[in-house]
Amino acid sequence: MATLKVEIVTPESALWVGEAKALVARSSDGDFTILPQHTDTVGDIVAGVVRVDTADGEVAFAVHGGYFQVGPDETEGVTLATVLAGVAERTSDIDVARAQVAKEVAEAQIALETRNEQHDTASHLLAHADLARAELRLSAASK
Amino acid sequence: MAGGQERILRRRIKSVQSTRKITKAMELIAASQISRSQARIVANRPYRHGMRRIIVEAALADPAGAAKLLATPTDVDVAIVLVVTGDRGLSGAYNSAALRAGERLVRKLRAEGTHVRLFCIGKKAGAFYRFRGMEVEESFVGFVDRPSFTDARRVASVIAAPFIDGEVQQVLLVSTRFLSAATQAVEVEQLLPLAMPAVPVDNAPTKLKGYTEFEPEVEKLLTSLAPRALESEIFSALLEGAASFHVSQQRAMAAATDNADELGQTLSRIMNRARQDSITTEIMEIVSGAEALRSGK
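Going down the list, the sequences are from chains A and B.
When we follow this note's numbering, the leftmost residue of the first sequence carries the number 1, and every step to the right adds one.
When we follow this note's numbering, the leftmost residue of the second sequence carries the number 1, and every step to the right adds one.
In isolation and in its complexed conformation, chain B is listed as follows (with noise of 0.2 Å):
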């Protein structure tokens, strides 16, 4: 009946407004959250170029030391792979476009004859790995939303203990890094040995000259400088994909509010459409009831 057809349709208007007020809810948040996760970029800059300033200085004074920790290495057989994602959802492809590029490292790494070990951040990463059949090693949760230097720092030792061990040739990262508010892009990087920038710091006002002085000397100061700036990376890359991760969400949930706008828009129509004509049905029934009455007569 059409009284029933306008009723069930007035209820999916319903639900469609209310999961529309969730998705403008997150959307907001997630906005608040762009502009403070940016800003700790940005605080975290200084930190990172004088890290990287200091490595490669050291590394200049010292090549044979350097040649260790920063090299490339040749002939890997164990690689750790870290992949960086969100813990929740509902973030466009902020997740997923990780999680693929990841999964494609791991089959390359694989055809070549390494042995993957898999570390994940974030749930959804973990999950995502499990459920396929591969083995995590270990997932580190409950902090992407808003890291801080201490998970940064907890997670860097948890992988640089089997590098140094030896068990381990490389560690691999896989992040999306904020290229700006505009631009978010998934990218492998190599953690260990350190992978040093050929440019090291934009504007970096160390002119390599090559007589610095080192206290203590250049080789101890080298081997206790890695795992700091190993923690520093892995700050900057949690830091990069929670900003990134919040602007996926915001974007997201934009683009859900308004799909939730014309959802509803169009059910509208329909359902008045389905009131008029249920009107037009009753008048017409009154009329032809009215006209079969005279006509009776």
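Okay, chain A solo, but in the shape it has when bound (with noise of 0.2 Å):
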């Protein structure tokens, strides 16, 4: 039978890997599922939140950015989808009140330079980047 087997990965560690019966997520060219024997495929995901499917129920991961990759695993008939991204966390595991925190923090920072007319600073991008974080694992632990 032709199963999905699915890795998160980021840089620190193999967030969490196994068999999936769908991953859903948006890439800058829209919204994608990928089913057991997904053609091969390479692409971009956007900052979002990532769902996979399994047997138990499913899994969401905040991604804040990254890839997937879809192809054949070492395992005859297994589809191996990989998601790397740079950070990433189960929204199971998202800390709310820090993520409240940061966000405002974030946002203190961006009307301060706002008001200076810093706004192409890089302490702003960052901030800005930031804040998108926070938002993301909000809205994201929220569902």
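Take the hints with a grain of salt, since some may be wrong.
Listed below are the simulated DMTMM-like cross-link pairs for lysine to aspartate or glutamate, each with C-alpha atoms no more than 25 Å apart in a straight line [stated by the list, open to error]:
(1) A:K5 with B:E213
(2) A:K103 with B:D151
(3) A:K21 with B:E215
Here's a subset of chain B near chain A, in silico, CB distances under 8 Å, partners left out [stated by the list, open to error]:
(4) I41
(5) N44
(6) P46
(7) I54
(8) E219
(9) L225
Hints are computed from structural coordinates only; laboratory data are not their basis.
As the structure is a computational prediction, the values presented were derived from the model and not from experiment.
From the three backbone atoms N, C-alpha and C, an ideal C-beta is built for every residue, glycine too.
Two chains, two frames, some hints: make the complex.
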């Protein structure tokens, strides 16, 4: 029987590896779903929630941008879907309070720099990235 | 006087023993860091290999775009050399080996007429090259013991900017590779244009068949992928550097502890002899004094 093996991988660790029925995510071309025997594909993943549909229910990850590759696994008949993300976490592991604080800090920073008209400084860009990450964590955790 | 010498020796033994305590503690700390840093290398491997696999896949599909990003440049006017060392010393040859390799590389490039821009990771590298009167553009410090991916990202963005702007045609990395717990070696690697290994990954599950689909189209993907691949390569270099540092420090400190033991032993032997000598002299004095008294009677 055709099966799908999913790996969610970050530079620090392999976050999740296991068998799944489907992988749902969004690339810069739009939403997509990977099922067993999907054709070989390489693509990017925009910041958002990546869902893995397993036999025991759904596992969701907040992925802050990354790439994916679908190809045949070493084992015959298994399709391997690898998600590579610089930063990612399981939505159940998200620390909502911490994300909330991070969001407020980033917003304050942005507000301050906007008042001082420092729009293109490195810290301003970093603050925007921090804000985006915090917002994604909050929205992913609340689902 | 003999008693004075004994006191000096006792003081030296005490100082050797307290040095030994320090080296022993450093040895144990380094040893505890080794397994942790090794585990991080292992944990990083799937990401690193996955990244390489994707790059190879994309490069095969878009040879024209790949030529720009992946080829070895023939004509290099300006090159960046990035040297990775530790923040701390007392780690055997770990720092000096990388520093010497870096210096050799810079000299070779300059002899070929290439202008070299030097970047350093780790306090030791910055200090060494500055002391030698070489200009260091930027020195990244404070994270080599326990590098995080964010650190790698920061370095990558600084290094990649001049390459993307076309000011620099090549970026070379000098770092210590953790080949195994027993062997670490300094290697020079080309970071940019991305150097793709001939065999991309050990046991790559993907058989390259060339009809892979890309989302978005491969040209766009390859451009956005390149900086991520650079981050990944720098991160793994940092992880391997950290592990190598701990191994070399552990080894150096174990040797220092052994030396301290040996020195302590030699010193206490000398001290015992000195004490014995002084006792012998005292007895001689007493005996000869008594003798003199008796004969004087």
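These are the hints, each one checked on the structure:
1. A:K5 with B:E213: Within the cut-off at roughly 19 Å; holds.
2. A:K103 with B:D151: holds (21 Å)
3. A:K21 with B:E215: Roughly 21 Å separates the two Cα atoms, so the pair holds.
4. I41: violated (11 Å)
5. N44: Hint on B:N44: holds, closest Cβ of chain A at ~6 Å, below 8 Å.
6. P46: For B:P46, the interface hint holds, since the closest Cβ of chain A sits about 5 Å away, which is under 8 Å.
7. I54: holds (5 Å)
8. E219: violated (13 Å)
9. L225: Check passed: Cβ of B:L225 comes within 7 Å of chain A, closer than 8 Å.
Of the numbered hints stated above, those contradicted by the structure are hints 4 and 8, listed in ascending order.
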